[in-house]
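Starting from the given sequences, assemble the full structure and let the hints guide the process.
The sequence shown begins at 22 in this note's numbering and counts up one residue at a time.
Possibly wrong hints are sitting among the right ones.
[Stated by the list, open to error] Label-pair ranges, simulated between beta-carbon atoms:
(1) G134 - T64: 28 to 38 Å
(2) Q80 - N131: 35 to 45 Å
(3) K150 - E107: 25 to 35 Å
(4) N159 - K52: 18 to 28 Å
None of these hints come from the bench; they were simulated from the model.
All C-beta atoms, glycine included, are put in the ideal place defined by N, C-alpha and C.
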Amino acid sequence: MSQPLETGVKAPDFSIETTEGQKKLASYKGKHLVLYFYPKDDTPGCTNEAKDFSSLSIQFEAAGTKILGISRDTLAKHQKFIAKHELKIELGSDEDGVLCEAYGVWVEKNMYGRTYMGIARSTFLIDPKGRISRIWPNVRVKGHAQDVLDSLNS
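Here's what the structure looks like:
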């Protein structure tokens with residue numbers, strides 16, 4: 022189990038295949054990055070979260086901010102998810118779970134008495150210098166994208 026991340030620390034570097042090509046943390050240098058982790062494409066909560074970020078994508082762009090959603094789904098699944106819901110955000114595929122581990126979101130979960138490993142829905146706001154400026158652990162989807170945007174603009 023990795024050490025939990027805190028605000029003010031340098032964000033863990035990454036290199037990941039996204040729906041817009043290979044990206045590293047440095048690819049976003051000079052911009053804010055909303056790095057959000059979600060369990061699975063095409064499930065109700067994850068779909069709503071992606072649609073909410075998409076509907077605010079122009080405001081995020083105006084605030085000098087990129088959005089990158091991460092799950093362990095394949096790139097092909099991400100492409101279908103984007104097409105099906107007309108999403109306007111970039112999605113990254115962390116099939117091996119390395120990025121989830123680095124950000125401490127791969128956790129033990131419990132549902133209906135069954136214990137399993139999964140992604141804790143979490144969002145990290147990374148500043149233009151690559152430092153974590155805010156963390157939202159265990160996100161509730163409703164109103165979350167707006168909350169992140171408000172935080173950026175405050």
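Tell me the numbers of any earlier hints that the structure contravenes, in ascending order. Structure breaks hint 1 only.
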